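J.: Using the hints, position chain B against chain A.
Number of protein chains: 2
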Amino acid sequence: MRDAYHEELDALSDKLVEMTRLVRSAMARSVTALLDADLRLSEEVISADEQINKIDTEIEETVFDLMARQQPVAGDLRTVITTLRMSADLERMGDLAVHIAKTARRRHPETAVPPELQSTVLEMGQIAERMVAKAGSVIASKDVEMGLELDADDDAMDRLHRKLFDILLSPKWKHGVEPAIDITLAGRYFERFADHAVTVGEHVVYLVTGQRPQEIIENS
Amino acid sequence: MRDAYHEELDALSDKLVEMTRLVRSAMARSVTALLDADLRLSEEVISADEQINKIDTEIEETVFDLMARQQPVAGDLRTVITTLRMSADLERMGDLAVHIAKTARRRHPETAVPPELQSTVLEMGQIAERMVAKAGSVIASKDVEMGLELDADDDAMDRLHRKLFDILLSPKWKHGVEPAIDITLAGRYFERFADHAVTVGEHVVYLVTGQRPQEIIENS
Numbered sequence: 001m002r003d004a005y006h007e008e009l010d011a012l013s014d015k016l017v018e019m020t021r022l023v024r025s026a027m028a029r030s031v032t033a034l035l036d037a038d039l040r041l042s043e044e045v046i047s048a049d050e051q052i053n054k055i056d057t058e059i060e061e062t063v064f065d066l067m068a069r070q071q072p073v074a075g076d077l078r079t080v081i082t083t084l085r086m087s088a089d090l091e092r093m094g095d096l097a098v099h100i101a102k103t104a105r106r107r108h109p110e111t112a113v114p115p116e117l118q119s120t121v122l123e124m125g126q127i128a129e130r131m132v133a134k135a136g137s138v139i140a141s142k143d144v145e146m147g148l149e150l151d152a153d154d155d156a157m158d159r160l161h162r163k164l165f166d167i168l169l170s171p172k173w174k175h176g177v178e179p180a181i182d183i184t185l186a187g188r189y190f191e192r193f194a195d196h197a198v199t200v201g202e203h204v205v206y207l208v209t210g211q212r213p214q215e216i217i218e219n220s
Numbered sequence: 001m002r003d004a005y006h007e008e009l010d011a012l013s014d015k016l017v018e019m020t021r022l023v024r025s026a027m028a029r030s031v032t033a034l035l036d037a038d039l040r041l042s043e044e045v046i047s048a049d050e051q052i053n054k055i056d057t058e059i060e061e062t063v064f065d066l067m068a069r070q071q072p073v074a075g076d077l078r079t080v081i082t083t084l085r086m087s088a089d090l091e092r093m094g095d096l097a098v099h100i101a102k103t104a105r106r107r108h109p110e111t112a113v114p115p116e117l118q119s120t121v122l123e124m125g126q127i128a129e130r131m132v133a134k135a136g137s138v139i140a141s142k143d144v145e146m147g148l149e150l151d152a153d154d155d156a157m158d159r160l161h162r163k164l165f166d167i168l169l170s171p172k173w174k175h176g177v178e179p180a181i182d183i184t185l186a187g188r189y190f191e192r193f194a195d196h197a198v199t200v201g202e203h204v205v206y207l208v209t210g211q212r213p214q215e216i217i218e219n220s
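The listed protein sequences derive, respectively, from chains A and B. For the first sequence, full-length UniProt numbering begins at 1 and goes up steadily by one. For the second sequence, full-length UniProt numbering begins at 1 and goes up steadily by one.
These are calculated hints, taken from the structure and not from any lab test. A couple of the hints might just be wrong.
Heads up, simulated DSSO-like pairs for lysine-lysine below, C-alpha to C-alpha not over 30 Å straight-line [to be verified]:
1) B:LYS163 x A:LYS163
2) A:LYS163 x B:LYS142
3) A:LYS54 x A:LYS142
These numbers were taken from a predicted model, which means no experiment stands behind them.
Extracted from the complex, chain A is given alone in its bound form (with noise of 0.2 Å):
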């Protein structure tokens, strides 16, 4: 039987679990509101972002909350402090998906996206979804296998990455500066969240094994 002390632990990483799927479902969202300039949807990522934000601090206020009656110590302080990073790493994705809902705010009712770039984008969101969704399962389940997956992810979003900066450096980029300030940002965001992405896998990876992802792959 678990422990109250292991009982509150859980429920910590339950708190995560939740916010992964809340950012995941922004992040669906502001992709498909800057590839439709839709703005309706876009509004609803930036207000609801304040339920992320409002998890952050609940699992910002138990976990000091936690240390203060528990004082854990080994492990257990890992973890909790692990907790507080994850959560910071998920409230800044939020953050990131809010800010491609506003680039697709302020464009609107143009879409920021022209139409050579819509397939690119579109799988630079699918990935960063599949990320945060995985992310979650990593925290659920503390499978090291897919904790390291998001190191391949994340390989995935650089090449896409680059390939933007390929179509808005061709000769063939028809559309001036300002749609390629837009998708230069966007680009940014999307980098950012899977990098975000990553470091969350890499703090459960390193709480089951007590190494860091680069060395587990050094010692294989």
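T.: Below, chain B alone, put in the same frame as chain A:
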């Protein structure tokens, strides 16, 4: 007389201040590298980042060790957790200086900054430098008023950031898409750098007063 525990906390604070010094120097050199297309300076910033990361890791290890041995509660607990967070902010600011240095390196021997943007970029760099220096003073002095000033500095940065876009989007812009992408990203790096400096200030304000800066402003 300070006990051993509070001496350790002071030593952590000194390490944070040392990080602000290294980050300030990185920012100063990366901006010069960017404006002058100075390859040697940009390489310096890129390799010096290791030192910043090393201090971040040392702070993290000391904090975990200290929490395990001393089991701080209440205010002391908040101090050590906040130290971890400020260290993470400063580590990230070092990365952002590296991103600026890499922009300079990528365009070398050309400069990434066209003449009509040089003064704005210089000013953004100077504000960034002042903000991290101020963050260091705030950490050392626990001066709440100075901590709150960082918000106004950030407003100045935001104004310059908007000016950057005005120039990029002006009909007089003759440099096409590639420099616009570089400047868009550099602008984002400056903006995020300033955000992290504000966060460091907020952490100190909260540690000293128990209030978030917004609450202080609302109640004053």
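J.: Each hint should be assessed against the structure and marked as holding or not.
T.: Here's how the hints hold up against the structure:
1. B:LYS163 x A:LYS163: holds (29 Å)
2. A:LYS163 x B:LYS142: violated (47 Å)
3. A:LYS54 x A:LYS142: Satisfied, since the Cα-Cα distance of roughly 24 Å is no more than 30 Å.
Hint violations for this structure: number 2 only, all remaining hints satisfied.
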